[in-house]
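Spelled out from the first residue to the last, the chains are:
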Amino acid sequence: MRDTVLQISDLKTCFDTRDGMVTAVDGVSLSLNRGECLGVVGESGSGKSVTFASVMGLIKKPGFIANGSITFEKRELVGLDPTAYRKLRGKEIAMTMQDALTALNPAYTVSNQIIEVLLAHDDTLTGSRKAKRKQAREQALEMLKLVGIPSPESRFDDYPHQFSGGMRQRVMIAIALACKPRLLIADEPTTALDVTIQAQVLELIAGIREKLGMSVILITHDLGVVAEYCDNVVVMYAGQIVERGPTHAVIANPQHPYTQGLLNSIPRLSDLARRIEPIKGTVPELVNLPAQCRFMDRCTRARPACKTHIAMQDCGPEREVRCLFPGTPGGGDV
Amino acid sequence: MSLGKFIERLLQLIPVLLGVSVIVFVMMLFTPGDPVDIMLGDQHVTEEMEQALRRDMGLDLPPHERFFKFLGNAMTGDFGLSYYHRQPVAEVIASRLPATIELSLAALIFALLVSIPLGVLAAVRKNSFLDRLATVTSLFGVSLPGFWFGILLILFFAVNMRWLPVSGRAGFESEVAPITHLLLIDSLLRGRIDAFWDALKHLILPTITLGLPMASILMRVTRASMLDVLNRDYITFAEAKGLSRTRILVKHALKNALIPTVTVAAIETGSLLGGNMVVETVFGWPGLGRLVVESIFVRNYPLIQAAVLFYAVTYVMLNFFADILYTMLNPRVKL
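Chains as they are written, first to last, in our numbering: chain A, 1 to 334; chain B, 1 to 335.
Heads up, some of the hints might be wrong.
Stated by the list, open to error - Chain A side only, calculated, beta carbon under 10 Å to chain B, not exhaustive:
#1 86
#2 97
#3 102
#4 109
#5 148
To be verified - Derived pair list, reagent style SDA-like, types lysine to any residue, alpha-carbon separation capped at 20 Å:
#6 61(A) <-> 246(B)
#7 255(B) <-> 112(A)
#8 60(A) <-> 166(B)
#9 334(B) <-> 155(A)
#10 61(A) <-> 127(B)
#11 132(A) <-> 244(B)
#12 126(B) <-> 158(A)
#13 280(A) <-> 232(B)
#14 334(B) <-> 304(A)
#15 307(A) <-> 276(A)
#16 87(A) <-> 235(B)
#17 60(A) <-> 75(B)
#18 61(A) <-> 129(B)
#19 130(A) <-> 247(B)
#20 61(A) <-> 255(B)
#21 251(B) <-> 158(A)
#22 255(B) <-> 307(A)
I should point out that these hints are in silico values taken from the structure, not numbers from a laboratory. Ideal Cβ positions, reconstructed from N, Cα and C, are used throughout, including at glycine.
Take the sequences, apply the hints, and build the full model.
Shown next as structure tokens:
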């Protein structure tokens, strides 16, 4: 039985800038089941963060959602009244950001920043303001214990700058998870961290995901992270999804030349003689894009036929790719 | 903030005060005009009488001796006699100080009350009509000279409309026995509402004149730092936490945005002291600023010396106070 938590259909998010209309997200559709972990991969500017900022309702002027629908547990989020949205954010859908150092407010203690989210959302707190605060304080301590802050009682009233990078990331996760959300959007949770800490933080998210039964969207540009932790993966390029499918299938047998490019640019210990092959060129500017394959200028397989609108097509069980000439040259070599 | 740091700050005052004393003394030495000549005016006096007066005022000594004598006395808290008032300088200054403090505080409060909300609003509604209006007005606020703007206010509100008094601190009928020497507070403490209104009416125009440039600068600083803060990740994260808009603006944004505002406010409060001289003169406000201007006209050396030293101490203390406030707002900084 499939229990869909999040369903995005044909989402289009635009930014009205001086240089013209930038379509940062162009026709993205995806769905996420309860308890599933979905990896969203793409380089900077691929629209992955904007997609989920749209889900959070955090798109600000000059940006706007031009088209499409986002449903969370069968509730339509596009056009949702701001107050209702505010009650949803942080409670049912939570988000962590790339760098906890900049995401935590430097002027307030860690305890303060966890307690405030509990006070804003937790209806189980009862009694006077003071009593509520006391209960929230205890819950906050529990959260810090859960994310593995050693001796949280003594660190509770410290300021963010007094924590190490990994600990700060844990604090941010504690804040995001304080109200036991059903969906966590983790935007580049490990990019700002040392490699050794990265694994710890990801294990932490995976563990809590299991414990709370929540769904996780892991936004990253690290396919290694996706391979390790995600059930399914979505590859984004220039505002569109170019490939999707179960993680192991996509990585073993990538169909889109861009996905292959991403995999080829990962150094491998098993094959040190192999040169890393960077993808040549850069992401196109997202203003007034012609109706053609967006990867065309960087693609080795580009042909005149690619100069047309390209739709997603099936390419295996539960797999889709946005390419007229899909396939894996030389087969899967992972 | 440790006691050691506090003492260190106090010790830092010594070179500042010494330097200020030398500069003021030298400047007065090279300023044309002689206090004895000015004092005697057109009166016909004998050479001996003039010499006696000069000796009496301590002006017969060579400059360096005069300076060291002043310094020695100043250490014991004796700043000499005011030539004009024939009273110890410290007493004269003390008698004029409350009026200046009252006006400066009023200007400071006015500036803060106007600038911070306006700066926040202008930042939140960037490029709106309100934002543009506030920005243009603040440009006028910093560029209009106080003596001119003050006179305009007097002409309109006092002379033409007759809503507010032209000058002075309070009418004769609203005299109250002093407690704090601040009229607004004393009149309330004594239960004299009439006197309170009278004092308040006298205070309005000079407060606006004195506070407007400061309000303008602080508005711009608040707006700029608020705009900066609103783009920070922690604001987005606060939004992602589902906090209310007010809480995000006031708690998460404003506390961080106020850090530069507080620093500038403290420095600008120091410059209120300078503004006081102009504004008090224009509005006939019986404070220290006007006293200093009058003293400069008549070369009342002891009073000028003491007043400038007082300004210097105040300035250093304000900066010190700003540092303390700064650490309170910004936990990353420790004094």
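Checklist entry - Which of the listed hints are not met by the structure? => result 5, 8, 12, 13, 14, 15, 17, 20, 22
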